[in-house]
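Chain order of the listed sequences is A and B. Position 255, counted from 1, in the first sequence is what my numbering calls 255; the numbers after and before it change by one each time, with no gaps. Position 344, counted from 1, in the second sequence is what my numbering calls 938; the numbers after and before it change by one each time, with no gaps.
Keep in mind the hints are simulated off the structure, nothing from the lab. Note that CB positions come from ideal geometry on N, CA and C, so glycine has one too. All clues given are correct.
Some chain B residues judged to face chain A by a derived CB distance under 10 Å, without partners named:
#1 616
#2 654
#3 666
#4 667
#5 843
#6 880
#7 881
#8 895
#9 915
#10 916
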Amino acid sequence: MCGIVGYIGERQAQPILLNCLSHLEYRGYDSCGIAVSDGAVKVYKDAVRVAELKKTMPDFDGSLGIGHTRWATHGEPSRVNAHPHGDCQNEVSVVHNGIINNFLKLKQQLTSEGHTFVSETDSEVIPHLIEKYYAGDLEKAVERALADIEGSYAIIVMGYGENTLIAARKDSPLVIALGDRENYIASDVPAVLDYTSRVIYLEDGDIATVTAGGVSFRNGGKTAKRSEHKVDWSVEEARKGGYEHYMLKEIHEQPRVIRDTLGDWLPNGEPFEDLKKMSEDGTRTLLMLGCGTSYHAALVGKYIAQEMLGLPVRAELASEFNYHGRALPETLAVTLTQSGETADVLMAIKRLKDVGCRVMAITNVNGSSVSRLADHTIITRAGPEISVAATKSFLAQLMVLYWLMMSCARVEPKRQAEMVLQLRHMASRVTQVLDSEAEIAERAGYLAKYNDVFFIGRGINYPVALEGALKLKEISYVHAEGFAAGELKHGPFALLGREKPVIAVLTQDATHQTMLTSIREVKARGSPLMVLASEGDDSADSLADFTITVPRVDPLFSPVVNTVTLQLLAYHIARKRGCPVDFPKNLAKSVTVE
Amino acid sequence: MIKQAVILAAGEGQRLRPFTVSKPKAMLAIAGRPMLSYVIEALAKNGIHQIILVVGYRKEQVLDWLSLSEPSGVEITCVTQANQLGSAHALAQVEPFVNDDFLVLPGDKLIEAATIAMFINDGPQAVMAKRVDNPGRYGVLTTEKGILKAITEKPKDPPSNIINTSVYAFSKKVFEFIGPELDIPDVLNKMISEGVVISTCETEGVWLDAVYPWDILSLNSVVLQRLGTSLGGQVEALVAIKGPVSIGKGTIIRSNSYLAGPLVIGENCDIGPNVCLAAATSIGNNVAISPFSEITNSVIGHDVTIGSGCLVQDSVIDQGCNIRGHLIACSGNAEVDIGDERHRVTVGAMLGEGCTLDYGVVAEPGVILGNHSQIQAMRLLKGRLPDRSLVL
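The following block holds chain B by itself, in its conformation from the complex (with noise of 0.2 Å):
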């Protein structure tokens, strides 16, 4: 039975910009938690306790939850990966650390303790296979009676929807053979080449990533189904609850707002009056919306602040914004581009953290706004805009 895990959380995420400017793609935050803490706590199920987490990337951001939220069950050592070059070279920093075989998990993909249960049992070496729609974003597998045979990076005509979810079952022996190379895939190519024999484990159970901005409201859905309820905070008379709601404790939700689950609202917020907060919505902590604003299928991070009158249709609003009123975020068909890919999405606006809107601003579906912009009243926002923008 393996006993140890590593989790790499070193990664930046560079597609999803501007969420990942100041936090690592590990720490992103779906219904109200760092994807990280699920990895940890699908661990912790499966009865592993010693975890090596690789930290990197604004690692302060993964130390400073760890030292606030201590995850029950479990001794966490850190690592620290100095310079990201790739997930080979983040394993071979853990090589004093290991004691025997241990597994291998991603600390920025949303999985749970299903996902990983049976493939625990499996010894190592071995790949965690998932079979998906979209295999061209990721490592494919080309496998024989559940042996792999060679793992290919983003094909453009992948040979099977088989794919390497970055979960490993490794023995010690997996350090000899990690050289120059610099990600774990590349390893495997080599230890298939020199005659090792790697298993691969399918898994039925949940497994996402969170690649584009837009992600983050599908992984956030996902998550919020599986809620239940539990009202921490204080409701006020005449506030309708449907589905299932959970509200941190200290916030307050005034008269007449509509509540319709799955919903999270964190800690100390001041909700309402009227307002109206529609499924599958994740609100963080200390964040106040005033009334006649309705927010539907968004994330809004820590400490934002919402004023009277604002539609949020399929939005993230990262920590810190200040959207004065009247803000329009509509959902829509949108174009987006994320480097030099083009991508068709439905989506409202995703707003970076720290920004203040002044009032009666309308953003296009689409618009990836950067961080700590700042924009006047009644300006309209389309496409990209870099961090710290000034619309005037």
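Extracted from the complex, chain A is given alone in its bound form (with noise of 0.2 Å):
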């Protein structure tokens, strides 16, 4: 998915287009550019976010321009692979969100009649074809170049000194906008409602021609017309998709997240060879490494590769592994960041390599600083997270985690099978949690009034205590903290009390009997407690105040439903005490410095 944005008026083009391009964000925000046009067509672009840009890019003089911002999912992220694009004179320019079929049969046959790419997209074929096929009229070189392509695309194009856009779409949204003597054109409302709610909508096979004046419409060859609408709903409303948070909306889009992950995996997952080899000679160690959640991700990481692979595994806070003396072990290292751009991880990397370990990164942003450092990357499936607390990102860390663990398991096929079948039914399982949301919502209301609470968890569940109370204290400013449930005893209790209520993560795993034996001794403090338990695990409920039912799922995949039960519990607490979900107080998306 990327955003394409277009500008044709009186006023200066640059700043309106780096506006409505951060309100297309939303859509990717690996790469971006613009083009302004005052008859010259001048471009900048990088692989950075739109805020960058802006910092960094020149004035460009002209009431004439485009914009994209991209998220790719094949090809890096990079200057020249960002858009807008130009053909060989540098005379058009076009922004393109959609994919070219056949961009490969029309790339070698532009390039045998002399064109020159310089990316390595599909998009650039399309200032190409409209330079082969410019006589003076760039509606009709647009309406012919696209004859020739197979795919889905919405385009703009501008060049040839023509003081028009020319946009076109087919299966990718476009919509223009109208304003006073001005007009925009954009991938999706929000990017233009700072300046107008008159939109219409294009159909496909629409070819608009825009200019500051007035819009036309050709499909099929022949003159359309297409009716103005008027948008009465706001930018936020818009982006968040009928959710009140955009925390709300990315914990729904989880199931969506499991289903593209073993998309990408079950049909033809090959094993990670690098892997595969220290789990066959078995005596070598992994080091799983990461920050805030994403070390959460690699503490869950470590017991399944302990399951699965029978290797020693080390999982650590990159933050603190900076720190380390200088005997670091000859190992491979898997590092978790979502953003691709974690100082500790990316400076731990570097120690790393400078050792000589091999280091796989498992991130969310494709072309991020870490995928440039690894030796190996793994692009997670969340899509663009926009709330700062991570939610999708770390069930696509898991996800990941399962399969790059299974895909090398030194495990009987049997269990290997039933392993697989289990994935199959994880996104209905993850699905079941949410539809117990009510449920879920209604335990919060009766936790938001305390202001210590406490998570406790045991064995692949301990990380997922941790997660829980990272969660709640980041986005509803609640004290909470998530500990190993055997540590209690070992100080924390001298904290629990009727005013500190105990959220317990239990499993029907080999920790079930020690974890109910701490249960016990939580409610003879006297603390409020609430259990997590799977469906049809009764053994706690005579000692919980509350009881909150999980999905039954093997006890490996059970951080999978857990993490999302507490996600949800977070959500409502902080909802209730009436805390900005999105945008909690002094915490940043991604942290780049030290």
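Grab the two chains, each in its own frame, and use the hints to assemble them into the complex.
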């Protein structure tokens, strides 16, 4: 998914385009660029976010321009691959959202005709096709070029000194917004709502010629009429897709994230060779690194790796790892970072590389710094995450870790087959958790009045307790702490009491009995007790003040359903306490300083 | 020309349980897509791009689908009806969003572009009518020279076989008539009694309703009749494909499988080897079907796994079910009780979402199994079982 915008009018185009683009970052933000024309086309683009581009770019004069913000799923985000793209003479400039299926054939043909390509993108064939067909009329050239293209597109074209923008769409969204002696074009309405609320929706196959004074349409070689609509909703509303907060929207995207991850792997998932080799000789250790939520994913990954690969594994905070002494073990490191820019992780990777470690990175942002440093990068399928509190990116990391470890697993084939089967049901199990949101919200109402909340778990659900506490503290400002249940008696017991509720994550694995013991001990201290228990497990019912039932899954996958439950719990507590869920105070989405 | 449409998608559809426990009726999947998507497509094809969608019951399901699929060529505003008190109450919620004359459509009926193509040229106030075989299920229209005289809800002795399709064209005037009335037909009867002329327009196009769980199968079959072939996945050697078959990307069909269309198979499925899929079957995304299973005229949801040696006919299996193997769900004549109604139908099994069926389960025709149930090996299922049943 990418976002595109266009402006034509009497004002300076550059600031308007940058503002419109910033509203489209929910569609992607790994690279962006704009082109402005005052007769000659000037282009500025880079593999950075819009705010960064704004800081570095020179002032371009011109009241006609186009812009693009990109989310690459294939091909690296880089300055050359960023849009807008141009032809050989830099006379025409194009932004494109969509996929051109026959681009290889077109590129070969154009190259043989003498055209020079500079990027690896499919989109670049469009300006070259337009160049090929241009004979004094830009609209005709675009129409002719699009006839050669198979695939989906929303495009905006400007060039040859013409004072028009040409827009066209097929199977990708595009709207034209009408201003006063100025007009806008965008992938989506929110981009332009700062300026106007009058829009025209393009239909598939439409080619629109947009000038400052008006718009005309053609479809299938004939003139077409399109009517104007008035939009009466706000930017925020539109982007949150009907949800009150991005966080809730992103929590609800998790079944999709799971299906997408499995879609990448299940049909023909190749084992990761470095890891496979290690699990076969079994002597060396695996190191897992992350910060914040990604560290919790690393901790879960440690349990998965130990069970599936039988390898000794260390999981460490990247921010602490950097202060370890010189003696780094010879090892493979798996590093996790949502943004791919986390300073501590980058530093850790450099240190590991210096001593000859192999480094794998798991990140959500293609082309981010981490992918340039690591030997091997896996991109998680969460998509752009806007809420500061990580939800779907954590789940996407877990899914990658499950698959990574399973593809190299040294377990019986029967167990392996059973695991794959369970993974197929995982999206539905998460949907089941989401369906019980009303029940979870009710429990949240009960917890919202407390100012200290403790989370406890054991085994693979210890990191889940940490993550539950992190979610709660970061968005609701409640003092929340996660403990390994066995550590309670080594100190935290002193804190328990009637005003300090405890949330226990109970799973039907080897930890079940000892976890019940911990729950009894907590109960004896008088703390209000809430237990997350698998469906059909009533062993804690008589002890708990409240239970939340989670779907029954293999214990190895229990972090998935338990985490989603705790995400919803934290969200509803924050909401009941009136906190600004998506943008908590003092926190930034990615931490690029040490 | 009407520019705005209101789609009512807040309703539950209680008689469709267990399939509507976690989703509104409008989100029932027919040929791999929610019913609502067909209504939206029908509007877009008729040049109506501004849609106000009334959501309520399990609205998250609608919102998630909208943000995932981004239906093309339409602008959708969602309005929440917190309590589903009735269609007129739902309509009253959208008054601030309506600018001019507008259409009202049900989000939970199967409607195609051709169904409403004629109707949208009629100005308000108007009701779209349709001749059906079983008018007693619906509001039956009494008309005189195309003018509506009365609507009688679910009459025992229907005065005609022309029914209310729940598709209307209104001007903003309609809001003046919504008082304590909770349903639109009551509002229409009130308008008639106060002298407002309401015209009727009969459609010849597709208009189908799912009232009972087995209706999902007939709707699915109707939509599949119009299917074209598109092979997005990977088809191994020695797979036979007859008739129209649509296969999603990432799906693999393994050797010696036999696919007799019309069939829709979703994305990232793993099917075969030696699986037989026969018309008219829809299979969701991320489904695995193991060797020697045969599935005919059925609807299988997302994330379902079906083990070896299963026979599934005229059945609905909702998302996330884990069928271990050797399930027998044959079609046959059954008497099924829905509420206090008894129906005689020819149907297989209807399994709610998230069920686990261990090896060798036999389901009698007409079984309705509640969501998240667990059935041990070698058990016989009959009648109706509530959600979270344990059959040990």
